[in-house]
Amino acid sequence: MLQNIGIPGLILILVIALIIFGPSKLPEIGRAFGTTLREFKKSTRELVSDDEPNKGQTNNKKEEKTI
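In my numbering, the protein residues as written are 7 to 73.
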């Protein structure tokens, strides 16, 4: 999704955000966005790591039933 933006696109987004929110709110918004992104990535990793051991167990059960 963000791979096609490039440097000019990022600069444009920052300028628009600066105009809309002002220089005093920008660090606060960036901090909140970073925290949210970090929590989202952490939750995603936990979900993926929780699914991996279960997949191995279900495959073994299927093999036992077919034998």
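Mixed in with the good hints, there may be bad ones.
Straight line, CA to CA, 20 Å or less: simulated SDA-like cross-link-like pairs of lysine to any residue [stated by the list, open to error]:
1. K31 - L43
2. K48 - E58
3. K31 - T42
4. K31 - K48
5. K47 - D57
6. K31 - I17
7. K31 - K47
8. K31 - T41
9. K47 - S30
Please keep in mind that the hints were generated in silico from the structure rather than gathered at the bench.
Structure-based check of each hint:
no., hint, result
1, K31 - L43, "18 Å, holds"
2, K48 - E58, "16 Å, holds"
3, K31 - T42, "17 Å, holds"
4, K31 - K48, "26 Å, violated"
5, K47 - D57, "16 Å, holds"
6, K31 - I17, "17 Å, holds"
7, K31 - K47, "25 Å, violated"
8, K31 - T41, "16 Å, holds"
9, K47 - S30, "28 Å, violated"
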